[in-house]
Amino acid sequence: MTALDDTDRRILNRLQEGFPITPHPFADVAAELGLEEDVLITRLARLKETRLITRFGPFYDAAAMGGAFCLCAMQVPEGDFDRVADLVNAHPEVAHNYERDHALNMWFVLATETEAGIGEVAKRIEAETGLTVLQFPKEHEFFIGFRVAA
Amino acid sequence: MSIDTTDRRLIEATQSGLPLVPEPYAAIAAGLGLDESEVMQRLQAMQDSGVIRRIAVAPNHYALGMVANGMTVWDVEDAVALNLGAQIGTLDFVSHCYLRPRALPDWPYNLFAMVHGKTRDEVATKRAEIRALLGDALRSDDILYSTRILKKTGLRLGKG
Chain A
482 MTALDDTDRR ILNRLQEGFP ITPHPFADVA AELGLEEDVL ITRLARLKET RLITRFGPFY
542 DAAAMGGAFC LCAMQVPEGD FDRVADLVNA HPEVAHNYER DHALNMWFVL ATETEAGIGE
602 VAKRIEAETG LTVLQFPKEH EFFIGFRVAA
Chain B
91 MSIDTTDRRL IEATQSGLPL VPEPYAAIAA GLGLDESEVM QRLQAMQDSG VIRRIAVAPN
151 HYALGMVANG MTVWDVEDAV ALNLGAQIGT LDFVSHCYLR PRALPDWPYN LFAMVHGKTR
211 DEVATKRAEI RALLGDALRS DDILYSTRIL KKTGLRLGKG
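Each protein sequence line maps, in turn, to chains A and B. Numbering-wise (the working numbering), the first sequence opens with residue 482 and increments by one. Numbering-wise (the working numbering), the second sequence opens with residue 91 and increments by one.
In isolation and in its complexed conformation, chain A is listed as follows:
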């Protein structure tokens, strides 16, 4: 399933930390890892083609661009779940929506152009579904890192 060798793991772990904004960034990272530039590029291309990485590039923060994000949760009666999911998903502001095994069984992320937009969409969803939307805005984000076990 995971056709990763040690070099792939080192590449994945290094490139989760960031990528230089320099004229020859692959050459710079390759030198750090003791690789040739073309080897690094070829391996990255293969990791992308085989979908072992979903994305390689800038991660933009919509909040820093003036938009807002908010994690929300609802307690949806079991028999009504699919109908409510359709109502919620119909909003273009709903970016992700997951069913989870908890009394609060629907968890979705709202992404809006303005901070005020979050509350407005949440209110609309409450009116449409008759259910309470709990809002869990991010107060602090800690270092995000995920290492591929060697």
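Honestly, the hints are just simulated from the structure, not real lab data. Keep in mind that the hints are not guaranteed to be accurate.
To be verified - One side only, chain B facing chain A, incomplete, derived with CB under 8 Å:
#1 Thr-104
#2 Leu-108
#3 Pro-114
#4 Ala-117
#5 Asp-138
#6 Gly-140
#7 Arg-144
#8 Asn-173
#9 Ser-230
#10 Tyr-235
#11 Arg-238
All residues carry an ideal CB built from backbone N, CA and C; glycine is no exception.
For chain A, the structure is supplied; the task is to place chain B on it using the hints.
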């Protein structure tokens, strides 16, 4: 930071990824009719101001065999939440960690940490490691596994 029309074009050109060529910024610049130096300057400015969180790879947890993904949630004392969140964030099996407001009485938890493993047993073991790290500061905790993806769309840039 306010972003201008050129920044938006740059964001649109790069939000699905960087080209895998020796001079990726020059390649992007050529596509947009800009200078390489301007592209690099603008990306650097956006990174410095936090519009770009980082330029990096996103591993596919599922394809890497990490098919068990649990949202662990923790109720810890507010006074130590920032410090403990930072410690959880350094664990190599945690991909995201956030401090969020509680929603009492339904939801007493203020720290959220996504934990990935090959099996639910492995995730449970890792959850126990976090519990041990939190020690006496921990009041209660839970774990929520996702059972279905109902919707998943990428970041869509609004019209500026």
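Okay, the hints, checked on the actual structure:
1. Taken as an interface hint, Thr-104 (chain B) checks out: its beta carbon lies about 5 Å from the nearest beta carbon of chain A, inside 8 Å.
2. Taken as an interface hint, Leu-108 (chain B) checks out: its beta carbon lies about 4 Å from the nearest beta carbon of chain A, inside 8 Å.
3. Satisfaction of the interface hint for Pro-114 (chain B) is found here, the shortest Cβ-Cβ separation to chain A being roughly 7 Å, below the 8 Å cut-off.
4. Interface hint at Ala-117 (chain B): violated, since its Cβ lies 11 Å from the closest Cβ of chain A, which is beyond the 8 Å cut-off.
5. Interface restraint check: Asp-138 (chain B) against chain A, minimum CB-CB distance 10 Å, threshold 8 Å, status violated.
6. The interface hint given for Gly-140 (chain B) is met, as the beta carbon of that residue sits about 5 Å from the closest beta carbon of chain A, less than 8 Å.
7. Interface restraint check for Arg-144 (chain B): the shortest CB-CB distance to chain A comes to about 5 Å, inside 8 Å, so the restraint holds.
8. Checking Asn-173 (chain B) against chain A by beta carbon gives a least distance of about 10 Å; that is not within 8 Å, so the hint is violated.
9. Taken as an interface hint, Ser-230 (chain B) does not check out: its beta carbon lies about 14 Å from the nearest beta carbon of chain A, beyond 8 Å.
10. Interface hint at Tyr-235 (chain B): satisfied, since its Cβ lies 5 Å from the closest Cβ of chain A, which is below the 8 Å cut-off.
11. The criterion of a C-beta within 8 Å of any C-beta in chain A is met by Arg-238 (chain B), whose closest approach is roughly 4 Å, and the hint holds.
The structure shown violates the earlier hints numbered 4, 5, 8, 9.
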